[in-house]
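> Sequence:
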Amino acid sequence: DPADRDEGPLARRLWGRLSGRPADEATLRVLDTALALLVDHDLAASTLAVRVAASARAHAYAAVSAGLGVLEGPLHGAASGLAHRLLVEVLDRGDAGPVIAEELRAGRRIPGLGHRLYPGEDPRARLLFTLLADLPRCGPALAAAHDIVSTAARHTSLHANVDLALAVFTASYAMPSTAGET
245 DPADRDEGPL ARRLWGRLSG RPADEATLRV LDTALALLVD HDLAASTLAV RVAASARAHA
305 YAAVSAGLGV LEGPLHGAAS GLAHRLLVEV LDRGDAGPVI AEELRAGRRI PGLGHRLYPG
365 EDPRARLLFT LLADLPRCGP ALAAAHDIVS TAARHTSLHA NVDLALAVFT ASYAMPSTAG
425 ET
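Per this note's numbering, residue 245 is the first one in the sequence shown, and the count goes up by one each step.
One or more hints might be untrue.
[Unchecked claim] Derived Cβ-Cβ restraints for the label pairs, each shown as a range:
#, residue 1, residue 2, range
1, G260, P384, 21 to 31 angstroms
2, D378, T291, 23 to 33 angstroms
3, S309, R329, 24 to 34 angstroms
4, P420, R353, 17 to 27 angstroms
5, Y305, G341, 44 to 54 angstroms
6, V283, S401, 21 to 31 angstroms
7, A350, A304, 14 to 24 angstroms
8, A300, D378, 37 to 47 angstroms
9, G351, S299, 32 to 42 angstroms
10, R337, T400, 17 to 27 angstroms
11, V296, R360, 17 to 27 angstroms
12, L312, A345, 30 to 40 angstroms
Hints listed in this document are in silico derivations from the structure and should not be mistaken for laboratory results. These numbers come from a predicted model, not from an experiment. Virtual Cβ for every residue (Gly too), placed ideally from N, Cα, C.
Start from the sequences, fold in the hints, and give me the full structure.
In structure tokens, the structure reads:
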């Protein structure tokens, strides 16, 4: 409904811009939770960039531009898109084994795994995975994510991070790979 795009909670207003599928209260709750978990998370690289630019008395638009520039990096904002693409590839192949093997052979880090602040599983991922388990549409992508984690565990000690959970959500609701950055 076009009216939903301009009124109400942020999750409802964003939904139509992220997915062409209809939203129910459970999916909006997941989106709202993801937004809350990501908005206030320590001193993220993009937040630090904005603060540094602002402390140098840069114009507000320049400070925001500094944060957006950092957000483009593969270890920050772009990480969710990389995890999305990895998850979709695993879903297409039906097995994480060959996909993870290719990433490791190429010397690339596995998107959606590991986080500097969390030596174990990212607690934001744990919460989102719990919510996603209640959404039937997420079943296949959630199984693929668990396959990624268990396959990677044979080769690395990295655990799931919030980007893998976002990938489950975005892939399950036909969102573009860049939706996690939003």
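> Next, verify each hint and record whether it holds.
The hints, checked one at a time:
Under the hint 21 to 31 angstroms, the C-beta atoms of G260 and P384, about 24 angstroms apart, fit the expected range. Checked against the given bound of 23 to 33 angstroms, the beta carbons of D378 and T291, roughly 31 angstroms apart, stay inside it. Between S309 and R329 the beta carbons are some 26 angstroms apart, a value that agrees with the proposed interval 24 to 34 angstroms. For P420 and R353, the hinted distance range of 17 to 27 angstroms is satisfied, since their beta carbons lie about 22 angstroms from each other.
For Y305 paired with G341, a C-beta distance near 47 angstroms keeps the hint of 44 to 54 angstroms intact. At about 29 angstroms, the beta-carbon gap between V283 and S401 stays in the expected band of 21 to 31 angstroms. Separation of A350 from A304 is about 41 angstroms and departs from the stated range, judged on CB atoms against 14 to 24 angstroms. Taking the beta carbon of each, A300 and D378 are about 46 angstroms apart, inside 37 to 47 angstroms as hinted.
The hinted window of 32 to 42 angstroms between G351 and S299 holds, with their beta carbons roughly 37 angstroms apart. The supplied range of 17 to 27 angstroms is met by R337 and T400, whose beta-carbon atoms lie about 20 angstroms from each other. For the pair V296 and R360, the beta carbons lie near 19 angstroms from each other, so the given range of 17 to 27 angstroms is met. Checked against the given bound of 30 to 40 angstroms, the beta carbons of L312 and A345, roughly 35 angstroms apart, stay inside it.
Consistency note: the structure conflicts with earlier hint 7 alone.
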